[in-house]
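Dock chain B against the given chain A, drawing on the hints supplied.
Chains A and B supply the protein sequences, listed in that same order.
Each residue of the first sequence is one higher than the one before, starting from 1 at the first, in the UniProt record's numbering.
Each residue of the second sequence is one higher than the one before, starting from 1 at the first, in the UniProt record's numbering.
No false leads were mixed into what you were given.
Listed below are the simulated EDC-like cross-link pairs for lysine to aspartate or glutamate, each with C-alpha atoms no more than 20 Å apart in a straight line:
#	chain 1	residue 1	chain 2	residue 2
1	B	LYS264	B	ASP278
2	B	LYS306	A	ASP156
3	B	LYS154	A	GLU89
4	B	LYS285	B	GLU251
I should point out that these hints are in silico values taken from the structure, not numbers from a laboratory.
Keep in mind the model is a prediction, meaning the values are calculated, not measured.
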Amino acid sequence: MAVSTSVKTIREAWFQLNGVMCLYKPTQISWKQLRNTLAFNISRDINELEQDAPRKYVKIESLTDGTNVDLPAPASYSVATTQNLADHELVRGPAILADDLRLRPGNLLGFRTAGVIVVGLNKGNRTIHNLNLSRPTSAYHIKSQFGLATDSHWDDGKIWEKTTFIHITRDKLDRMLASIQASNQKKMFEYCGVDPQSQTAYELASKGLLRPAVNGPPLIYGIKCIHFNPPDFTLEIHCVNENEQYMAALIHDLGLSLKTTAVCQQIRCIRYGCFTVDDALLRKHWSLKYLPDHMSHCHTKLRSLPDIGPQLAAYDRLQPSHNPSTKS
Amino acid sequence: MLRHSLRFKHVKFLLGYTTIRNQAQCAGKEVLASAVQQINPPVISFQKPGPHVLDDELQLIPSQDIDNPLVVDPSFEAVTPIVSPSFNLASLVNKSELLQLMVKLGVSIHQWERKTDVHPWVMALDFKKDVQPIIQFLVDKGVASESLGHFFTKNPYILKSSIEDLEIRANYLHSKKFNPEMISRILSRNPHWLLFSPERIDNRLGFVQQTFHLTGDEVRAVATKESRLITSSLQDIKLMNFGFKEEMGFEAHQIKELLLAKPKLWLMNKSMLVDRFDYLHNTMKMDHETLLRFPAVLTCRGFRLKQRHEFLCHLKRAQYDPKLPRYVSPLQLIRDSDAHFAVHIARSSIQDFNDFCKTM
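With the rest of the complex left out, here is chain A (with noise of 0.2 Å):
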């Protein structure tokens, strides 16, 4: 699925690139400006292995002087085979550029988001696809902080407001994530388009992590505090279908509900679907040096997978027969 180390020419190289990687994504860079990095290395590297022979170059010249006016046309030719200096890189320009590779994210992290992303390259935009069908969730860690409003939601913005923040406890924390959590496994049944007191939701549950059916509003599965040092706090988050802005966001109405106010300082993401922070590689290795093994690694994770398939994009569509309108 990748490239593999006894890989010497770019040929070669060029079909084997295909594969799904896990980068650690920096924060304070857009997707675009990660792509570019990411193709750019790629094809630099590509373009150092060994090249194509150049294709061969007849050259066919009358021996005869060309100026003799009297001969009607020359007796003899020689034919010569050269190399086609055309297919010289100097002439010809690197073999694979940077917009040849086809780059799609899995799951597309915000401007300041940082952590894990998931990659497909050429082919593997395909896998990337049907991980996606799946509505694999991710988590996030998301440090903030309490006392401030800003106009972006994140500690750098513009203040708002400062606020007080000494009566909240851990146990006023908890008691709010618990009922946003609570709230969201309502909207599970919504999004799947059942009835919560339905027979075929019961079914649907039974079967494992109720998933949306489509790539609709953001819902969170699991939220906690893992460590509360007022004024900071580090929240993490299970979710699907989440974006930066709904993260910042949820961030601040968690504050005034609180009745105080808070800002984002981090959000990391740790995990999406099977890949983790271990998983993923730094920017440093963003090479071909180190991609073509890493996709390896990612490969035999994917294909150990269970194999979940699309959601349940309406139930009852997909198993007609077998299920007659139960809901009560």
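Okay, now just chain B, sitting in the frame of chain A:
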């Protein structure tokens, strides 16, 4: 490359090309006619008396036929195929001796294709007549023969300029007491230098001297150390000066010191430099004097500084005061690989450093 040329952004180039092609056809016709006249004058003299023989009404026809190569050259002996229109220089490289020699020199022809204005005139050059004197000139001025390829890749336009102009431009440097080593460094580091007329270079050197209050030797030192600074936009230098003075708060004499130590800073992106300075000054608490002693810290990439500084903070080793124990020099902070830094400076392991980077 075809794939490259067919991208939408090259449509402009293709449109421009049709006009070039039309010119080429006209030019080809002229070349053909002149060649025939040299080779085969008797044929023309045979055709010339035509109008005297023919009737008055037909007198116009022979004059129209002058354009027709068949009339002057019935046996096609002097006819050579006109170079067919092409999208790129790569298709001409097998036929053109000039391009072949350029490839031998190490010139990246495909980079010439990105400069869309190189095609029309470069094919008309003659290697012996136009290119060789310039190569000779550059080698005489101390440009290494290995770097000639890079030189012409970056600056093909020098092939268009006359050798007298180049001599004048090099003599200007001599007259300003640049010694041959300096000239060789300037020309090899900055291929575009020779495109600037002596007046412009003089203007720019004067600007740098006045802005930073430099002596003659200092101007020569700066121009030699970072010759691209002299040919870069003067507006950018002014903007950078504003950044150093107003945004970063350096004094005038400190700015001068910085310029002499690291002129490269003036070619960098100002907002990125200000961000980096902000981190160094406000987060890492380095004062202006420290930065002047180690100006290389300002050229280090921001994320690298951040990772290493925060790792040291995490280990409680971020101590940049030379008077206290466990001093970490700013140069040690930015130098060497991560593995070396983690083991020898942070006294930890590379695994710990990598794990720490994954929490940022």
